[in-house]
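Colleague: Below, each chain spelled out in residue letters.
There are 2 protein chains.
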Amino acid sequence: MGRLSVVGTSLPRVDAWDKVTGRAEYAFDVELPDMLHVKVLRSAYAHARILSVDTSKAQGLPGVRAVITGADMPKDPPLEALRNELYAVPPFSLATDKARYTGEEIAAVAAEDELTAEEALQWIRVEYEPLPAVIDPEEAMKPGAPQIHDDAENNIQYENRTEFGDVEKGFAEADHVFEDRFSTQLVHPCTLERTVCIAAFDSSGYLTFYDNSIDPYKQSRYLPKLLGIEPSRLRIVQKAIGSNFGALQGNLTPYIMCALLAKKAGRPVKLVYTREEEFINAGPRHMGVCYLRTGVKNDGTVTARDIRLITNAGAYGYLGPAMMTSGFTPCAGLYRCPNVRFEGKCVYTNTAVTSPYRSFGIVPPAFAMESMMNIIAEELGMDPVALRLKNITRQGDVTVVGQEISSSGLPECIEKTVAHIGWKEKRGRLPPNRGVGMACGMFDSEVRNAPFAGSVAYVKLLEDGRVKVISGEFEWGQGSRTVLSQIAAEELGVPLESVLFSELDTAAVPYALGPYGGGPVTLRGGNAVRLAAVEARRQLFAVAAGMLSVGPDDLELKDQKVVVRDDPVRALSSAQVAHYAKFILAEEIIGRGHFEPDTVMRDPKTYYGNYSSGYTFTAQTVEVAVDPETGQVRILDFASAIDLGKAINPMAADGQNEGCVGQELGPILLESLAYDKQGRVVNPNLVDYRLPTALDVPPITSFLVESHEPHGPYGAKACGQVSNIPAAAALAGAIYDAVGVWIKDQPITPDKILRALAEKEKREHAPA
Amino acid sequence: MGRLSVVGTSLPRVDAWDKVTGRAEYAFDVELPDMLHVKVLRSAYAHARILSVDTSKAQGLPGVRAVITGADMPKDPPLEALRNELYAVPPFSLATDKARYTGEEIAAVAAEDELTAEEALQWIRVEYEPLPAVIDPEEAMKPGAPQIHDDAENNIQYENRTEFGDVEKGFAEADHVFEDRFSTQLVHPCTLERTVCIAAFDSSGYLTFYDNSIDPYKQSRYLPKLLGIEPSRLRIVQKAIGSNFGALQGNLTPYIMCALLAKKAGRPVKLVYTREEEFINAGPRHMGVCYLRTGVKNDGTVTARDIRLITNAGAYGYLGPAMMTSGFTPCAGLYRCPNVRFEGKCVYTNTAVTSPYRSFGIVPPAFAMESMMNIIAEELGMDPVALRLKNITRQGDVTVVGQEISSSGLPECIEKTVAHIGWKEKRGRLPPNRGVGMACGMFDSEVRNAPFAGSVAYVKLLEDGRVKVISGEFEWGQGSRTVLSQIAAEELGVPLESVLFSELDTAAVPYALGPYGGGPVTLRGGNAVRLAAVEARRQLFAVAAGMLSVGPDDLELKDQKVVVRDDPVRALSSAQVAHYAKFILAEEIIGRGHFEPDTVMRDPKTYYGNYSSGYTFTAQTVEVAVDPETGQVRILDFASAIDLGKAINPMAADGQNEGCVGQELGPILLESLAYDKQGRVVNPNLVDYRLPTALDVPPITSFLVESHEPHGPYGAKACGQVSNIPAAAALAGAIYDAVGVWIKDQPITPDKILRALAEKEKREHAPA
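First to last, the protein sequences are chains A and B. Offset between the first sequence (1-based) and the working numbering: plus 95. Offset between the second sequence (1-based) and the working numbering: plus 95.
None of these hints come from the bench; they were simulated from the model. Some clues are possibly wrong.
[Stated by the list, open to error] Computed list of lysine-lysine pairs in DSSO-like fashion (alpha-carbon distance at most 27 Å, straight line):
(1) A/Lys563 with B/Lys563
(2) B/Lys114 with A/Lys358
(3) A/Lys114 with B/Lys359
(4) A/Lys320 with B/Lys656
(5) B/Lys358 with A/Lys114
[Said to hold, decoys possible] To be clear about the criterion: a stretch of chain B counts as covered by chain A if any three or more of its residues have a C-beta under 8 Å from a C-beta of chain A, and this derived list gives those stretches:
(6) 106 to 119
(7) 681 to 692
From a predicted model like this one, the values you see are computed outputs, not experimental measurements. Built from N, CA and C at the ideal position, the CB exists for glycine as well.
Bound-form chain A, shown alone (with noise of 0.2 Å):
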């Protein structure tokens, strides 16, 4: 492909100076004639039975426009077709009979302003029969727990096992059975923007919502189902979103209830979260309980595992069963275990609907699978490093579940991450209450998740010489527009800032899946740009020819120049051959892009199969120093190395992989999203949940290590949802190497070490 000049470049995210300006248009920042302003009235009860709500003092308040409460919903929406598509069905509903937890959406109203709409609410009169209410799903399973739905036995919302080789005879083969419990809690995601959606009919009917949503194509093909409008006659712009990791991925409530107000009211409405509704009703990540059984051979060969995990869905299943079962295969692949067996519980619990947080399920297990290697080490008398070294999965392997590894730099990640740490003199050598701990993970580099599971793209080359690029591919903040910019630009020979990327209007823009995997913009799109781009290149190529009376094979791109290649002084600039084709003949110079992965969907039953078409790889190591008189961790240095295939833009990859650490340390070391025994958020707001600042977040040293992928562009793949999947094992492994107790319950807070250590003491002064 010759020397690439963009591509593999450190340039500025190309939405970089809107941001810092504060230029970027944000859903909150559109204002639309006559907008209405929407308020939710919320359930005051984690579970409750609702035996009245009256509205007519509310919509009789001077500037209220509209009310809606349950029975505004419209009848018998086609769930039972969503039912497949969405695993389980929330209720994307106001509450109408029962309250499942403190937040609920009850009533809404639509007002001149806000302040109106806020008072509407106090004017609403809701008669509930409180029950009793649980929050653990470990209770929310026993017998004569309260029943949150009918149909929902012990709660269990979605229940799944599967079983790779023999994995009792695995065990029987193991020299040493490891077994432990491991668990981690809710926590949010807390992104600096709140929800927003605003909903605006116009007058033939069609319905354009403004938001920031992360999946507006996934909304546009629900809504209208929901609604009973007709699919093109609903659009979402998605604007610049301020960040979001997966928090409450396609939650579709707040559409639905902006389009009921809007349509009864007759104006458009918007709807913008507090920071306490963020809290309470816009997804945390699900807490996980992980039962993990290890088989192990004297020599460190892993034998068998046995990972049993139970999470909670929160009030209503939506993503909860797949949250559950997708951390699985990443977990199971890491190494070359042939036995595995897993078995999931996603439970109702009186919480917030739960939602995907950075790397989609998979910190629950892989926190439980990491720790016990380093426990596995340490009781075998092994080098943690070693002992994966010896089982970690390689490139050409088929995982035991069926991953086929095209790329892996892991050895290299740990190499790089464990010589920056300087793990050989300091692993049991440091100083009293300072350790080093070590991990690893996989994650994926996309997923097939839905039939078509590729990308599409059109590069468009304008007339003055300029490239626009016209995808569905979401920006996230993951700078996943500069990357793909950066491909045209690539390709077409233009300087980045000569890009510019088309807005996301679910009618304008192809269709695109999210990013779901570990950086499916890079993979999918990014494939998908490119082969747009030179396709572009090849319409430029015969247009020019045509103008310069030579064939295409005698033409080449230099400095945004078409040049014949034997006699350079003959050339046509880009944007003459762009103008000339846009204006003189009538045909736009416009690639289109079509990438489909040679992958396969996961096998609904057994969780078998190569859905992705790359795997990313991570390694870290951490050094420590832990206070035993306060049980304070401090971070002294921290070395995250992730295999992404080829960094097309090593500074924002670096941004990925250290953003990731960062954040991740607030639930490994300082997040709970707790409930009192009422089922209420006790800490909704960003002073009582400890959130790390910049203070809080270590020196981080990022490696980017390039496999090279044959699937990716550029031999790219994912680097975005890697780097928080080891971070809290690596953590609790410096932890044990500082003072010798394993926290196996995050967050590890002070408190929990100092219990442990005062049960260590307690172990190692009883009498023997």
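Chain A is fixed; fit chain B onto it per the hints.
Modeller: Relative to chain A, chain B alone:
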């Protein structure tokens, strides 16, 4: 092509509902956050040197955010580069050294509200040195007339002369030579909507205009050059148009003022003309003086024509020369006369820049030519109908100016209107003061006025089986979107209401030329849409064939289903196929149509060439009663027949035909944009400017003649801009038949009739 189901049917216009309910979004309705309002300070003099402009006090007024004058114009815009494309360069600027008509832009203010902007104008001090002004083009050419532009001797902006055959020989062969002077006045289209321009820069320096201009693509090509912006950073979004008819076609000054103010203020700005500004600034139809000589044999054969036309450009040259010359070719082509000379002069005057107003410049020469045909018939004692039938161009002819007449229904048009009015029984035989008249007309169906003179369209089958037409063709209120939608509906077998039309956004839709010529949207745009729809249908069949495991040729379209012809129970709805294509194959069904007619650009010197792929004909008859006491003309009956090839929507075509006649009755009988000696418009309002009301419009009977134009879609050609061409001559002929006087100077007002009757009386009673 089989039986047509949508094409050829009278269906309500697709935009009718929005328009009658007031819900169509006009540029006036666009409200942007933080938008400022613009007011313009205009020259108080028709001709004056500007000694100074002091805006300091205005700038200091609270609420004023930006003030611009000519000094703020981009320096050295590449006017030379534009000169060729624009015939001559209008200032597209605020006046600097000199103002050349009352109402010319001197300064503009953007303020928080209109009243503040208005007030600020009063604080701008302009020092003028008044100069003598000239309004009449013949006066302006005289020695000693005020010199409006330094480089235009005798104020002549442009002149040309062309001759076909041998005119002197033609006159020599004639038995009679007729010679006369005819004239038309300045009139204003008085569009329902006023000029609106909104300019907004986004954070990345992209400039968007929302407007009601009639030619966004033209503006979008010139404005970047004038503003120094990369072309692809500027787009124009055309909102619904409240009629246009050509007024100030492509005037760029409002855009430039708004762009400069938006830039200076850092906020969006909106300019809305007052009705007075419309009258004094938005282009009126030029006045035309036509000196015409016609040689004719005793049998009525026309042997030679000599046309001398003088028109006024207004204060600056823009479309003046084009309008002056473009009327010539259809006039020359209507009859078979082989010897024709044309001499034109376009003259600067101290009036607003003139602009086309229905049928681009043809009204002055057509009024002369058709009036003279009636005079000749009278003088030769022939029936005007017989004189026409003897001389008219027929299908298969190549006219003296090179038009290839591929279809003509003119004889049938004559026959229908003559029969309707009762010509044979009535002409010369009606009671005193009643009379009938007739005249004919010809116009271009489209015109090659650019190197590419075709149309490009995309037709997309949406996921629910609805159809989207993506075209840059403009809807000015003539119903073009309805016609194009009908064509798409026809080819894809859906009802009209299932077709959706793209918004006209120059950054999103393919390049289009605009409706130059009588109805090019139907001919050019219709062909493009048809080709695109046929291609979309091909793709639909290809996808369905795959789904049904049959060949595409085994399929047919029936009731919005793709059906296996020999096994009709095997069928898929179009929606199913489109959904599958979009979401499973990720191959949208989208056809592209590219149509370019086989025409040539008229030779710029001789004006020879077959510049249109079809020519539209019309014949009209009228019966009047003239009150000899008051000079009042009452129209008793009016018949207008147009040969439009094929009526795609008969109801809409009838509307065009009737509307065109009804509107032109204003210029013929009532209207005149009057200037006083100081060059000020004396009637810039709808009270003093006498527009015909519904009560002034007589019963009009519309005939649609279908000659099946081989180059048009389904045989269609134009119908929008031809019915106004012969109306004045037909009316003048009827007045002659009623009271025996020829009025050769529009408008045909009672005072002129009374004067002519008095002169006739004098002549008849004069001693022999």
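Colleague: CA of A/Lys320 to CA of B/Lys656, is that 27 Å or under?
Modeller: Holds. A/Lys320 to B/Lys656 sits at ~21 Å (cutoff 27 Å).
Colleague: Quickly compare the C-alpha distance for A/Lys114 and B/Lys359 to 27 Å and report which way the hint goes.
Modeller: holds (22 Å)
Colleague: Quick one, are B/Lys114 and A/Lys358 close enough, alpha carbons at most 27 Å?
Modeller: holds (20 Å)
Colleague: Check the hint pairing A/Lys563 with B/Lys563 against an upper bound of 27 Å on the C-alpha distance.
Modeller: holds (22 Å)
Colleague: Report holds or violated for chain A covering the segment 681 to 692 of chain B, Cβ cut-off 8 Å, minimum 3 residues.
Modeller: holds (count 5)
Colleague: With a Cβ-Cβ cutoff of 8 Å, does the segment 106 to 119 of chain B contain at least three residues near chain A?
Modeller: holds (count 5)
Colleague: Keeping to a limit of 27 Å between CA atoms, is the pair of B/Lys358 and A/Lys114 held or broken?
Modeller: Judged against 27 Å, a Cα distance of about 20 Å means the pair holds.
Violated hints for the displayed structure: none, as all numbered hints are satisfied.
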